[in-house]
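Work out the full structure: start from the sequences and follow the hints.
The chain contents come next:
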Amino acid sequence: ELKVEQNPLFLSMQEGKNYTIYCNYSTTSDRLYWYRQDPGKSLESLFVLLSNGAVKQEGRLMASLDTKARLSTLHITAAVHDLSATYFCAVDSPYGQNFVFGPGTRLSVLP
Amino acid sequence: DTEVTQTPKHLVMGMTNKKSLKCEQHMGHRAMYWYKQKAKKPPELMFVYSYEKLSINESVPSRFSPECPNSSLLNLHLHALQPEDSALYLCASNSIRGGGRVLGDTQYFGPGTRLTVL
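These protein sequences, in sequence, are chains B and R.
Under the working numbering, the first residue of the first sequence is numbered 8, with each subsequent residue one higher.
Under the working numbering, the first residue of the second sequence is numbered 494, with each subsequent residue one higher.
No wet-lab data here; the hints were simulated from the structure.
The reader is advised that the hints may include incorrect statements.
Taking lysine to any residue pairs in the SDA-like style, the calculated list, with each CA pair at most 25 Å apart, reads [what the hints assert, rightly or not]: (1) B:Lys24 with B:Leu78; (2) B:Lys63 with R:Asp598; (3) R:Lys515 with R:Tyr542; (4) R:Lys515 with B:Pro46; (5) R:Lys546 with R:Val505; (6) R:Lys534 with B:His82; (7) B:Lys10 with B:Arg113; (8) R:Lys534 with B:Val107; (9) R:Lys534 with B:Val55; (10) B:Lys48 with R:Ser565; (11) R:Lys502 with R:Glu560; (12) R:Lys502 with B:Pro46; (13) R:Lys502 with B:Asp45; (14) R:Lys531 with B:Gly47; (15) R:Lys502 with R:Pro562; (16) B:Lys10 with R:Glu537; (17) B:Lys75 with R:Asp598; (18) R:Lys515 with B:Gln104; (19) R:Lys531 with B:Lys75; (20) R:Lys534 with B:Gly47; (21) R:Lys515 with R:Lys534; (22) B:Lys63 with B:Arg43; (23) R:Lys533 with B:Lys75; (24) B:Lys48 with R:Lys546.
Between beta-carbon pairs, the in silico distance windows are [said to hold, decoys possible]: (25) B:Asn14 with R:Arg556: 31 to 37 Å; (26) B:Pro101 with R:Glu577: 26 to 32 Å; (27) B:Gly47 with R:His519: 34 to 40 Å; (28) R:Gly521 with B:Glu8: 30 to 36 Å.
Keep in mind it's a predicted model, so treat the numbers as computed, not measured.
In this text, a Cβ means the ideal position worked out from N, Cα and C, and glycines have one as well.
Written out as structure tokens, the structure reads:
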């Protein structure tokens with residue numbers, strides 16, 4: 008059974024600080040997806056990582072993928088309050104039909 | 494147009510009511526999904542439709558009945574729900590090729606329907 012784990016599950020950080028969210032998965036996959044969800048809202052696609060060593064950056068967020076370690080990281084640089092949200096990573100299921108989501112990391116950026 | 498729309502945005506229903514949720518996309522995606530999301534949890538897959546045919550049912554109780562009348566529309570019919578079915582119901586779509594989704598394509602999610610069962 009494919010398992011996707013994230014840590015930390017909760018993260019409270021001050022504005023201006025840097026931090027990293029980790030996503031581990033239990034099966035071989037060359038692709039990983041990051042989503043953001045604001046409270047009461049839907050999921051917004053942030054990054055699609057398609058190969059080992061892939062790195063993508065958007066604003067203060069940078070995501071990377073190490074398929075050998077089955078690990079993806081989402082790095083936050085100089086956090087701002089607007090980044091407060093829940094971040095989910097997801098991996099293709101073995102059937103290829105759908106995603107398996109991690110439990111989410113609830114990020115709160117404090118002024 | 495990379496939008497998935499869902500109606501209604503909010504729905505309150507009694508345990509004896511029958512209601513339907515609607516999802517629409519015009520991106521030409523032939524895979525559509527229903528997810529259920531409880532507070533502070535990740536989305537849980539309920540159903541997958543590929544080329545308008547049900548391809549995955551994640552052992553969802555029969556009080557939830559999906560329907561895909563055409564390649565742009567996805568419905569979820571609700572009947573005799575329980576209070577524990579209260580949740581955010583999300584629709585999503587993505588491209589498929591052959592038998593499966595196009596790996597590496599993101600899923601596009603609708604805004605969701607917030608369902609409350611009294």
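So if I understand the rule, the pair passes when the alpha-carbon distance is 25 Å or less; does R:Lys533 with B:Lys75 pass? This hinted pair is violated, its Cα atoms lying about 30 Å apart.
For the pair we were handed, R:Lys531 and B:Lys75, check the Cα-Cα distance against 25 Å. It is violated: about 33 Å lies between the C-alpha atoms, which goes past 25 Å.
Compare the distance between the alpha carbons of R:Lys515 and R:Tyr542 with 25 Å, and conclude whether the hinted pair is satisfied. holds, 14 Å
So if I understand the rule, the pair passes when the alpha-carbon distance is 25 Å or less; does B:Lys75 with R:Asp598 pass? Holds, because 21 Å separates the two Cα atoms, which is no more than 25 Å.
Tell me if the straight-line CA distance from R:Lys515 to B:Pro46 falls inside 25 Å. holds, 22 Å
Are B:Lys48 and R:Ser565 close enough, with their CA atoms no more than 25 Å apart? The hint holds at about 22 Å.
CA of R:Lys502 to CA of B:Asp45, is that 25 Å or under? holds, 16 Å
Taking 25 Å as the top limit, are the C-alpha atoms of R:Lys534 and B:His82 close enough? Distance ~22 Å between R:Lys534 and B:His82 Cα, so the pair holds.
Please work out if B:Lys10 and R:Glu537 have their alpha carbons no farther apart than 25 Å. This hinted pair holds, its Cα atoms lying about 13 Å apart.
Could you check the hint for me, namely that B:Pro101 and R:Glu577 are 26 to 32 Å apart, CB to CB? Holds, at about 29 Å.
Starting from the range 30 to 36 Å, see whether the pair R:Gly521 and B:Glu8 falls in it by beta-carbon distance. holds, 33 Å
Check the hint pairing R:Lys546 with R:Val505 against an upper bound of 25 Å on the C-alpha distance. Violated - the C-alpha atoms of R:Val505 and R:Lys546 are around 29 Å apart, more than 25 Å.
The structure fails hints 5, 19, 23, 24, 27 (numbered hints given earlier, in ascending order).
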